[in-house]
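Participant: Chain by chain, the residues run as shown.
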Amino acid sequence: MAASNSVLGLYDTPNAGADAMDGLKSAGFELGTFDVLTGTPYPEGAFGEYVPQHRLFRFPFFGAMVGITLAILFTAGTQLAYPVITGGKPILAVFAMLIIAYELTMLGAVVATVVGIIFESRLPNLNLGAYDTRITEGYIGVVVECEDDRLEEARGVLQTAGALEIKTA
Amino acid sequence: MATTSLITDAPDDRPSNIESTALLAGEGRTAAGTGLKRFMWLLAALSVIGFVGIVFRFINDDGRQDWGFYAATLAWMLTIFGGAPMVAIAPALAKANWVRPVARIASLGAIVTAIIALLMIPLLFKFPALTQFSEVLGDDVRRRSIWFDSRDYAPHFWNVLILLTLALVGIAMAYVMAIPDFAAIRDHGTGWKQRWGKKLARGFYGRPQQWEWLKMRIGITGALYFAMLLYTNFTFSLDFAVSLVPGWKDSLFPFYHTISTFQAGIAFTIIGVWAARRWGGMNKYVGHEQMWSLGKFMLATTLLWFYFFYSSFIVFWYGRSESDSATIKLLVSGPYIYLFWTVFFLVFIIPWWIMIWNKVRDSVWGPPIAAFIILIGLFLDRIRIYVASWSAVPDDLELATTSILQDMPDTMWPDVFDVFIMVGLPALGLLSILLVTRLVPLVSLWEIQQSRLITKPVRFLRSHVQLVGKPD
Amino acid sequence: MQQRRILDEFTVNHELLRGNLATPKWWLPTVLGLLVVVLFGFTLMGIMFNRGLGVTGLSRPVYWGLFITTFVFWVGISHAGIMISAILRLTQAEWRRPVTRAAELLTVFSLLTALFFPLIHAGRPWRIFYWITPYDFARGIFPNARSPLVWDPFAIGTYLTGSTLFLYVALLPDLGVLRDRTTGWKRSFYTVASLGWRGNPRQWRLQTVAGILLSALMLPIFVSVHSIVSWDFAVTPAVEGWHSTVFAPYFVVGAVHSGVSAVVTMMALMRWLWGWDNYIRPEHFDALARLLIVVACAWLALTFAELIFGVYSLEAPERALREMQMFEWPWNLLFIIFFLTGFAIPVPLWFFKRVRNNIAMMFWTSILVNIGMWLERFLIIVPGLSRKQPFVFTWDSYQVSPLEWGLLLWSFAWVMMLMLLFSKFFPLIPLFETKESQVFTTDVQIGRVTMPAVIRELD
Chain A
1 MAASNSVLGL YDTPNAGADA MDGLKSAGFE LGTFDVLTGT PYPEGAFGEY VPQHRLFRFP
61 FFGAMVGITL AILFTAGTQL AYPVITGGKP ILAVFAMLII AYELTMLGAV VATVVGIIFE
121 SRLPNLNLGA YDTRITEGYI GVVVECEDDR LEEARGVLQT AGALEIKTA
Chain B
1 MATTSLITDA PDDRPSNIES TALLAGEGRT AAGTGLKRFM WLLAALSVIG FVGIVFRFIN
61 DDGRQDWGFY AATLAWMLTI FGGAPMVAIA PALAKANWVR PVARIASLGA IVTAIIALLM
121 IPLLFKFPAL TQFSEVLGDD VRRRSIWFDS RDYAPHFWNV LILLTLALVG IAMAYVMAIP
181 DFAAIRDHGT GWKQRWGKKL ARGFYGRPQQ WEWLKMRIGI TGALYFAMLL YTNFTFSLDF
241 AVSLVPGWKD SLFPFYHTIS TFQAGIAFTI IGVWAARRWG GMNKYVGHEQ MWSLGKFMLA
301 TTLLWFYFFY SSFIVFWYGR SESDSATIKL LVSGPYIYLF WTVFFLVFII PWWIMIWNKV
361 RDSVWGPPIA AFIILIGLFL DRIRIYVASW SAVPDDLELA TTSILQDMPD TMWPDVFDVF
421 IMVGLPALGL LSILLVTRLV PLVSLWEIQQ SRLITKPVRF LRSHVQLVGK PD
Chain C
1 MQQRRILDEF TVNHELLRGN LATPKWWLPT VLGLLVVVLF GFTLMGIMFN RGLGVTGLSR
61 PVYWGLFITT FVFWVGISHA GIMISAILRL TQAEWRRPVT RAAELLTVFS LLTALFFPLI
121 HAGRPWRIFY WITPYDFARG IFPNARSPLV WDPFAIGTYL TGSTLFLYVA LLPDLGVLRD
181 RTTGWKRSFY TVASLGWRGN PRQWRLQTVA GILLSALMLP IFVSVHSIVS WDFAVTPAVE
241 GWHSTVFAPY FVVGAVHSGV SAVVTMMALM RWLWGWDNYI RPEHFDALAR LLIVVACAWL
301 ALTFAELIFG VYSLEAPERA LREMQMFEWP WNLLFIIFFL TGFAIPVPLW FFKRVRNNIA
361 MMFWTSILVN IGMWLERFLI IVPGLSRKQP FVFTWDSYQV SPLEWGLLLW SFAWVMMLML
421 LFSKFFPLIP LFETKESQVF TTDVQIGRVT MPAVIRELD
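Protein chains in written order, with this note's numbering: chain A, 1 to 169; chain B, 1 to 472; chain C, 1 to 459.
Errors might be hidden in some of the hints.
Stated by the list, open to error - Capping the alpha-carbon separation at 25 Å, the derived lysine to any residue pairs in SDA-like fashion look like this:
#1 C:Lys186 <-> A:Ala169
#2 B:Lys199 <-> B:Thr437
#3 B:Lys296 <-> A:Phe62
#4 A:Lys89 <-> A:Ala76
#5 B:Lys470 <-> C:Arg281
#6 B:Lys199 <-> B:Leu434
#7 B:Lys470 <-> C:Val454
The hints are simulated quantities; they were obtained by calculation from the structure and are not laboratory data. Computed from a predicted structure; not experimentally measured.
Pulled out of the complex, with its shape left as it was, chain A reads as follows (with noise of 0.2 Å):
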């Protein structure tokens, strides 16, 4: 389902703004069809809002597997390339492997891991849809993304709440 327009009401205080919400969920709007915008983090729930589920945990570990296949395969795969022993240590060491191996475990951890935040925060997406700049310097957004039909009911029950301002993109 294509939503076709995001409309925003802005509040000052966030009593309004779960007021807001509150309105929005007894006038029936879908959860996860509308959304609060805040410039600092909130207890989760705060507002009521639909509190998304993600699946980051998964990612650090598809880097480690990656990043360890790496450290193996370039640890080995040079020392057998050129076999010559240095230190008296076997051609494997795999106590120094192991060295190289964990960093780059950790390495991949962290990449994927960095990779996972962007994607489940849902970014890059550099199209704002209705926002206002004022939601960064502590004031509430509300934002609901609905159809052409719905969208009078949206700004109504935004207003009902106490909206400063209501915008639409």
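Use these hints to put chains B and C onto chain A, whose structure you have.
Facilitator: Just chains B and C, lined up with the frame of chain A:
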């Protein structure tokens, strides 16, 4: 924007608010009943067997190598019971609230250190002297020890003194932390408990100044205990293991020893929490939050165990000098290789794999399983270290003159008396703690009260959160 | 004492973006001054590449001198960031909030600086490529994975990449704020850099989880980096004083000691230069000083172990080295300065609450620590090398050349210049952490007393 305006009161329906803690103080663990008594009788019987083991150890004494398992058992007990009180103080210094209900269980470990100090005495007679062969080699030829040019009584006297000081500081700390509870027993208990409560409370009536003093004393004894624990591990691990092996020079070893003390202390506390829930009727006071937080620390110390082990190992492995290689062989790849791999799995791989899962750490069954595995693993680790060290040098002359372990000893196996000792002494330690809990409540009443006072469930807009006060 | 002030988001933006939306008067002259020193440093490097390493004081048998000391020093400083950021995040310490960004930044820039030193120390830095990259299939010569010197690039590369990404992820919400406060090309830049941050619950939740998860991943890296640096020395049995098992944790704890001290120095400067009195408060210095006392004591215990085991072996060369390190001129003077500045002066002072809450005192004591910690590395690396070894046929004592001192100076100017450049484009104190702190802290009334309280989410 003031947060306060977003907060509204929520009904306080925490279970600990429903039951009067006075009941707990007066009657102790009524739920435990006869089962606990039977268990204590069993421990007493095992302790007797332990003493029988010691007596026969004296009778069948062919030299230092016979005492390895005894030393390992004491080292294991020190690892567990010496480390446990750290759990009571370290998070408390960082103002962590979750530690309050488990602080008592953890601090009681200190009682056992006094027993270890006494049990250590037979071992001291088995120490090689610093200058045993002075008439042959001259006075300046000494075996390597951190006591350098001290007199001959040096390791013996100081070790007893250090361990007794640790025990004293630990017991003082546990006592100070229990004073308000003794006052509660005095006010709500009956019979002999009330009499003892009155004596031990020493006129504590909860005046502001008394609380100030209490806080200060806990802080001072806690800091002292930490310093003493580090120092005890330093001397104990060097005198009872490292310095008995020619060529073993490992500046990290005392810290490795200390880290496993923390690991074991946390594991012991986790099992204590589990037992207090299972048999002590403490489900309302200790649970998920404690398991979750202790579990995180146990995971951290498990990783640190590997880090410390590997940091030593890689230096020896790269060094490849004769003494480096002999050290690796003695402790890792030689007579105790199978033991080493068992330790490696029990202390590191298995608990690590269990504890990295959030769901396991958040359960009341996961951390105790990992803790139990760790304690068994650390026992084997202490056997690996101490039995190997005590079997390394039958010849004291070699200890004073060479810096390389020449003859690799064979694998030592415990005889029946060693088994008696390995079962009996830890049982004695556990028994002593259980005896003390007849008088002292298993969870700290005043800390739970304070925890209730400064935490409060509230509503924040539409969500339920907890407000946690941070007193200075 | 209640030091927290209630600030709305508008004020927080206004005050913390002071250096970004406007340029302080002192900024340009300072940056230009530093640039001069930096250019001077690059010139010295050019001279060294052109003339060869003979222009330094390095000579048989001391081939690792000031450059390697400074390399270890800056890697040590880099341990500030993750220590503060990760450990304090994991333990939910509320006072971490204004400190994290600066600490992470210090990690990134000091690592970048540290990297220079082994490169220039090699004399012909472009050849480093052969040393770490498995590309030369024609000759069949590959990097030696068994050499600790190959571990370093992997460890530092991982740490640098990880901490840069860590810094960037935590910067996203603040970039959103900057996007909303700027116009023109700056706005376009921040729009792209913030990736379209809107501040919905999903993004905030991921931000919180990311902070914890990345901290948990970065901590083991942080421990490994300085351990691996320490193994450059410790796995070498040939140099007295180096072959010690305690080196790994000893270096890590020493690094935390110097790194956290460097954060203190930096926070004092930030408070003075940008006037952020509402954010960087005496209570933060107090907390850092308490942390430093613990770290410094742990460091002292490890130092003690390192020294005592040197003597414990009862081997003549090792004893002779210790004697030289501590009692022979000029090492004895350096040793005394090292011990006084690294521990004996600052730590007892930090026991006094008045000192901990006095920003000028904290500034100067933290600088003392870093003087001591630089000397510590010097005393570990150089004396062991300057002793006569079986296969050394000529030897000379090591004299640090003016060029080397110049490059040491360069490294400080370089780090400071990078910091100031960063401060022009990005906020040095995390805005969202500050705002979060306003939401998540409050006061609670118990009887007649009001005490600070934090809001904890229930699971």
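Participant: Next step is simple, just say for each hint if it's right about the structure.
Facilitator: Going through the hints against the structure:
| no. | hint | verdict |
| --- | --- | --- |
| 1 | C:Lys186 <-> A:Ala169 | 23 Å, holds |
| 2 | B:Lys199 <-> B:Thr437 | 17 Å, holds |
| 3 | B:Lys296 <-> A:Phe62 | 23 Å, holds |
| 4 | A:Lys89 <-> A:Ala76 | 14 Å, holds |
| 5 | B:Lys470 <-> C:Arg281 | 18 Å, holds |
| 6 | B:Lys199 <-> B:Leu434 | 20 Å, holds |
| 7 | B:Lys470 <-> C:Val454 | 8 Å, holds |
Of the numbered hints given earlier, the model fails none.
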